Amino acid sequence: MNMLTVSGSPHIHGDESTKKVMYGVVYAMIPAMLVSVYYFGLNALRVLLLATAAALFFEWLIQKYLIKGPVTITDGSALVTGILLAFNVPSNLPSWMVIVGALVAIGMAKMSFGGLGKNIFNPALVARVFLLISFPVQMTSWPKPHAIINGLTDAVTGPTPLGIVKEGLDAGKTMSELTPELPNYLQELIGQMGGSMGEVSAIALILGGLYMIFRKIITWHIPVSMLLTVVVFSGILWGVDPEHYADPVFHLLTGGMLLGAIFMATDMVTSPMTRGGQLLFGFGVGLLTILIRIWGAYPEGVSFAILLMNAVVPLINRGFKPRRFGVKPGVEIKTS
Amino acid sequence: MTGRQKTFTLGGIHPEENKLSANAPIEVLPLPKQAIIPMGQNLGAPSKPIVNRGDLVKVGQLIAEAGGFISANIHSPVSGKVLKIDNVPDASGYKRPGIVINVEGDEWEESIDRSVEIKEEIELDGKEIIERVKEKGLVGMGGATFPTFVKLMPPPGKVADYLLINGVECEPYLTSDHRLMLEKGKEILIGTKILMKALKVKKAVIGIENNKPDAINHINELAKGYEGIEVQPLKVQYPQGGEKQLIKAALNREVPSGKLPIEVGCVVQNVGTAYAVYEAVQKNKPLIERVVTVTGKAVRKPSNFMVRVGTPVQELIDAAEGLPESTGKIVNGGPMMGKALTSLEVPVVKGSSGILLMQESESRRKPESPCIRCSKCTYVCPMGLEPFLLAKAAKVGRFDIAEKELVMDCIECGSCQYTCPASIPLLDYLRLGKSMVGAIIRNRKK
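Top line first, the protein sequences correspond to chains A and B.
Using this note's numbering, read the first sequence as starting at 804 and increasing by one per residue.
Using this note's numbering, read the second sequence as starting at 6 and increasing by one per residue.
Treat each hint with caution, since some may be false.
[Said to hold, decoys possible] Straight-line distance between alpha carbons at most 30 Å, and here's what the computed DSS-like set of lysine-lysine pairs gives:
no.: 1; chain 1: B; residue 1: K450; chain 2: A; residue 2: K867
no.: 2; chain 1: B; residue 1: K163; chain 2: A; residue 2: K1131
no.: 3; chain 1: A; residue 1: K921; chain 2: B; residue 2: K371
no.: 4; chain 1: A; residue 1: K823; chain 2: B; residue 2: K24
no.: 5; chain 1: A; residue 1: K921; chain 2: B; residue 2: K409
no.: 6; chain 1: A; residue 1: K1131; chain 2: B; residue 2: K24
no.: 7; chain 1: A; residue 1: K1131; chain 2: B; residue 2: K302
no.: 8; chain 1: A; residue 1: K1124; chain 2: B; residue 2: K450
no.: 9; chain 1: B; residue 1: K400; chain 2: A; residue 2: K1019
No lab work stands behind these hints, which were simulated from the structure alone.
This structure is a prediction, so every number in the text was calculated from the model and none was measured.
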């Protein structure tokens, strides 16, 4: 007879795995990937392939030759980081900058903390902010979307809607003067506007988000509390003075708002562990985003807002505990 | 059923049910050639042998006495000659004291009523019932094996108003309680009545999950003849068979952290225990046999056997047409909370509900990978704990944190580990945390 295995219970395991979770996120990003290639052409494909290949390569290099431990690049996590990095940059970013971004994401933001699950900050966002601060010109020259694949060169670049609003308001214009320069809601919804590769199409991002909720990879808590905060906060300002503040729908549909809410703020590793904590986290991201968009130096604030909230996640985890069975809420737990 | 289906509200999982033996009627297993009777069959102190080598014993004769207040008598499940009193293999993997009896014939104690008639009339009064239940060595048959009489004597100041009979059987594969409800329904209801009398409660609820509609209908039909007994169908969700989860599901009462069900006026007994109570009180029969499911995906004949305590597992497997070639692990109990056996010589004990033969391909754990902080363990924990945090605390020796974060509330249901995408052996670490914190608390009290 065979040797019998002896181990502690439970003796069965559900069919979830890290790999399934990570590839689930990859599948959820397919609509946004397709849209980015559709609008930005082969250049988008170049950035996507480069970012993912570089992310995988750096993870392999560091695991094999620096840490000299097991190589786990097939688990899908570096792939997710690579795609998210590509989503967060303009499609005409020079190749070497994409590679530097991947090195920062994997090397600095992920592996230096101990690898998968140990990082405090979202790796793709660290890389994005690193690139934005280091190469502000290249990171903010946005190719205009073309509906057809149009070769490797994008001749026409322009500002993002958020950039138009920021500059216009700063120059003393009113919202009604700026409106003709802005895309309409329908264009914003399908992604007919300047921006980072993955952030332009609200519909593609929402599709991906619904898929992840259906697959139980994420829950609604972070996106909903973040977006609700944005709507309420920007709505109040707009209600008070619609000439000097953009409306809430504009805030929702432009910039990295949906990409951030659905794919970046929901990153399991860098978001809180309990529902209550997740609601607070989403609220914080939404609040900071609007604060930065309206009163900050940058037109867009989602990346900074998420990274700032990432930093307080350990604190949130201390304060927010699940509802304990048999413990009345608010009652101090006594240890005997 | 009207409205929302009842179940517990915090956490929970839905593993594949795999109730392969649900349609296999209970078969009486032939007597073993040798009965191996471990002395540690109950929660609490092990029993003390009162027979000697060479003694002749009858079925039902007292062979070991309770070794303390929380302990139980053991009666001989077979007739024959005591071969030795020595260390014997048990489900824990250790060899511990036990009595080995060479089986000769099947001669029963005369005081045991072996007739098949069902006896309805309950002649004993409450006190006598408790005395009888204690004398006949009854323990919880759901697996925890807590001596039954102790639960029937609430501590001073505590009063029970509800008796809950646990027919949930939420463990995948196991069907022994299911079959018992179908085949011994009347006895279970009389047993319930007896328990109600001993506890002086007017109301009893029998909780059964919706995946056993035949049992729900059958018991419901029978219960009409018994005042105060009600059947509560429950939405399938693991671990609904846990005492605290069942009370929450059926009565929406929440047992406070660190306390027993009696705190909210409840006493929970398994259907198997209710049947044993019937036999002990009405038929004067000690706890010497029980229903054991033998099952597994490769098992040729998934079965439910009525087995004498002390029968080696090997004989049960033979009766289910043998050990499949592909077997890689043998579990005593269900796949979520059962113990993997180290040998087939291990005997059936009072708490054995099933023998699960797992195939080689499903026997090994998946390799562990780093925690991705997905928090799924927290979402499924029926006690509202944070398994990832408790496991980490135990791993690095921070038992102070483990205690503060309520590791002692863990019921070891295994839902966290079942769910973990990184296949981290969370429950291993939680058990470590529980045993260390338990020791720390005991030392503090000294």
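A quick look at each hint next to the structure:
1. B:K450 - A:K867: violated (51 Å)
2. B:K163 - A:K1131: Holds, at roughly 20 Å.
3. A:K921 - B:K371: Holds, at roughly 21 Å.
4. A:K823 - B:K24: Given that 30 Å is the threshold and the Cα spacing comes to 28 Å, the pair holds.
5. A:K921 - B:K409: The hint holds at about 24 Å.
6. A:K1131 - B:K24: Violated - the C-alpha atoms of B:K24 and A:K1131 are around 37 Å apart, more than 30 Å.
7. A:K1131 - B:K302: Measuring from Cα to Cα gives roughly 43 Å; hence the hint is violated.
8. A:K1124 - B:K450: holds (28 Å)
9. B:K400 - A:K1019: Satisfied, since the Cα-Cα distance of roughly 28 Å is no more than 30 Å.
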